[in-house]
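J.: Build out the structure end to end from the sequences listed, making use of the hints.
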Amino acid sequence: MPKPNPLRNVYFGEQHLHSEMSPDAYALGTRQTMDDAYRYGMGEEITLSTTGEKIKKATPYDFVALTDHAEYLGVFTELSDPKSPLANNALAKLINSSDQADQNKAASEVIASITSGVPAGPFLDFMDPKIIRSNWQRHVETANKYNQPGKFTTLIAFEWTSIPNSQNLHRNVFFRGDVGPEAPYSAFDSVDPEDLWTYLEIQRDMGLEAFAIPHNGNVSNGLMYAPTNYRGDPIDARYAERRARNEPLTEIIQTKGSSDTHPSLSRNDEFADFEQFPNLIGTNTVSKVKHGYIRQALTAGLIHEAKLGTNPFKYGIVAGADVHSGYSGNEEFNWHGAHATADDTLERRMNPKPNASGESASTVGSAGATAVWAEENTRASIFDAMKRKETYGTSGPLIRLRFFGGWDYADDLTSDAEFVKKAYDNGVPMGGDLPAMTEGMEAPSFAVQALKDPQSGNLARIQIIKGWVERGRAKERIYDVALSDDRTVGKNGKVPPVGNTVDIGKATYTNDIGDSQLSVVWTDPDFNPKQRAVYYVRVLEIPTPRWSTYDAAKLGVQPPKGVPATIQERAWSSPIWYTPPAKVKK
141 MPKPNPLRNV YFGEQHLHSE MSPDAYALGT RQTMDDAYRY GMGEEITLST
191 TGEKIKKATP YDFVALTDHA EYLGVFTELS DPKSPLANNA LAKLINSSDQ
241 ADQNKAASEV IASITSGVPA GPFLDFMDPK IIRSNWQRHV ETANKYNQPG
291 KFTTLIAFEW TSIPNSQNLH RNVFFRGDVG PEAPYSAFDS VDPEDLWTYL
341 EIQRDMGLEA FAIPHNGNVS NGLMYAPTNY RGDPIDARYA ERRARNEPLT
391 EIIQTKGSSD THPSLSRNDE FADFEQFPNL IGTNTVSKVK HGYIRQALTA
441 GLIHEAKLGT NPFKYGIVAG ADVHSGYSGN EEFNWHGAHA TADDTLERRM
491 NPKPNASGES ASTVGSAGAT AVWAEENTRA SIFDAMKRKE TYGTSGPLIR
541 LRFFGGWDYA DDLTSDAEFV KKAYDNGVPM GGDLPAMTEG MEAPSFAVQA
591 LKDPQSGNLA RIQIIKGWVE RGRAKERIYD VALSDDRTVG KNGKVPPVGN
641 TVDIGKATYT NDIGDSQLSV VWTDPDFNPK QRAVYYVRVL EIPTPRWSTY
691 DAAKLGVQPP KGVPATIQER AWSSPIWYTP PAKVKK
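If you're matching positions, the sequence shown starts at 141 in our numbering and goes up one per residue.
Read the hints as simulated data drawn from the structure, not as lab findings. For clarity, every value in this text was computed on a predicted model and none was experimentally measured. Don't take each hint at face value.
Claimed, not checked - EDC-like mimics (lysine to aspartate or glutamate), calculated; alpha carbons at most 16 angstroms apart, straight line: (1) 723 to 579; (2) 233 to 249; (3) 233 to 221; (4) 194 to 184; (5) 670 to 579; (6) 527 to 515; (7) 527 to 341; (8) 561 to 515; (9) 270 to 218; (10) 562 to 548; (11) 196 to 175; (12) 143 to 516; (13) 615 to 664; (14) 634 to 410.
T.: Here's what the structure looks like:
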C-alpha cells in the first residue's frame, strides 16, 4: 500500500447511491446488485439490469458508499424468491409483473408507505427484525468484500428516509470502520432528526464512529435549515451543539437538483439558476424556498452562533448521485437514467410526459461527485477527512480544487513549489476556521487552485462567495477572483461571458476557450474584523452539453424544452469561517 501523504491526496467518489436493496429502486425494476454498484465504481463493465445494456465508467472512482434505504432494506429482493415466506405477499404480484404500470403502482405504494412513517397492510410483513438484520449484515459484508485499502475504499452506510408529508429530511449515515451496528435506524423508528442523532451518539458510545449527511434541502419545504426544530420550537444551544457534532457535511447537488442557492434568494448571482428541482418528491407541490438552501444556511448559522454559542449549520460540502439504478452517473456523456424503468432508455428520458412530481424525465440532472483530501485511500483516512470537512462537491466533473485561508499568504503562493506545505503551515484548508486574528493583521487572504477534469470542459472562472452578518442581518457577495482568457472585471462589476463552443445538434464542444488551470491568492477587500464571516469557492467550467443534449443527438431530435441545452459544470468547496476575537466583537 502506498505511504500516507502528509500533504494529502484528492480522492473522488460516491457517497449517495442505491441498489436493488432499496425498496423503491427494486419496485421500479432495478435488479442491480450491491456487487454491481461497487464494480461500476471501480471501473468495471456491468450490465444494466433493466435493458441489458453494457455500461462502464469512463473514469473509475476511488471510493463508494452504498446508501440503501434503511426502511424495508433488502426485503423486496425476497418477493421474487419462490422459497421466501414473503413470496405470497400481496405486493409480490405487482413487483414481479412485467407491466410497467404495475411496477409504477408498486413504487408509488412503497413511497407512500415510507412517507406515512407507519407500515400498514402488506408492508407489515416486512418489519420482521430478523429479516432486516440479516439484510443489513449482507450489506456490511458486501461493503467489506470490495474494500481494498490503498486502492479502492467502500464506506459502510445507509439512508435514513424521513419524509413527513413529502417534505424531505433524509440523511445518509456513515461508519468509520469495518463493523456496522446491529441494525440501521429507519424513519419507522422516528422521523425526527434529533432521534437519529441520539442513535448516532449511542453508536459512538459503543465504539462505532459515525455521522450523518443531510441532503436535498431544496425539496424539504423549507424545513432542512429552518430556525426551528422538527416540533416547530426555536432551536436552542443544545440543538445547535448536537447538530454540529452529528452532521459535519451536507450534500449540495445530486440528480434531484442543486441545494446551493435559488435565484429568488441570490438575486445578484447570474449562475444561481442551475439544475433547479422545484417540487416536493412524488408531488406537484412546489417546495418552499426559504430555509431550503445551503448558502443561506451558512450565513444563518453565523447568526445562530452569535446567539447560541454554536453554529448548527457549520457544514462542509459533498455531492452525490441518489441514483436508484445501481450505478454512479456523474459523467454527463455517460448517463443512463436515475430511476430504473422510469428513465432507462433514450426514448423514456426524452418523453415529455410529466411524472408524479410534475416534471419530465429530462428535469432530473446527472449525478454530482464528492472529493476528499486525505492522507491515503482507506476508510479511516477518508472518513476523517469528511469529518474535518476537507471535502468539496462537483456537479459531476472531477475538477481538482484546493482552498486555503490565512493572514499572511504571499501573492505568488500558488506558483510556489511548496505551495501546499506553506498553505497548511500558515493557514487552514477548506472546512477550517481561520486562525485567531492578532495585532497587525488587516484582512484574511485565500489561496485557490483549480485544475480541470481531462474529460470535461476548460475552466472559466473562480469565484469566492462570502456570507457575513451585518447588524444582525445575513449578507452575501460574490467575488470573481480568477478569470480565463485574460478577461477582467469591468467597471460595472460584470465579467464578459466566456463564450460557447457547443454544437447542440451534434452534442460536441471544443476547449478553444477557457483555461486548463486557474489559481489566485485573494485578499478580502471588504473585511470587517468585527463581523462573523464564511467564505467558499465556486469554480465554473465553460459551457458543455447537458446529458439531455447528448441523448437528443443520439436520437437525432431537438433537446427537450424546459431544461438548458448547455450547462456550466461546477465545483463548490467546503467553507472557511472567520470568528472575531472577543476584544473586537463589540
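J.: Give a verdict on every hint.
T.: Here is what the structure says about each hint:
no.	hint	in the structure
1	723 to 579	holds, 11 angstroms
2	233 to 249	holds, 13 angstroms
3	233 to 221	holds, 12 angstroms
4	194 to 184	holds, 10 angstroms
5	670 to 579	holds, 14 angstroms
6	527 to 515	holds, 14 angstroms
7	527 to 341	holds, 15 angstroms
8	561 to 515	holds, 14 angstroms
9	270 to 218	holds, 13 angstroms
10	562 to 548	holds, 11 angstroms
11	196 to 175	holds, 14 angstroms
12	143 to 516	holds, 7 angstroms
13	615 to 664	holds, 15 angstroms
14	634 to 410	holds, 10 angstroms
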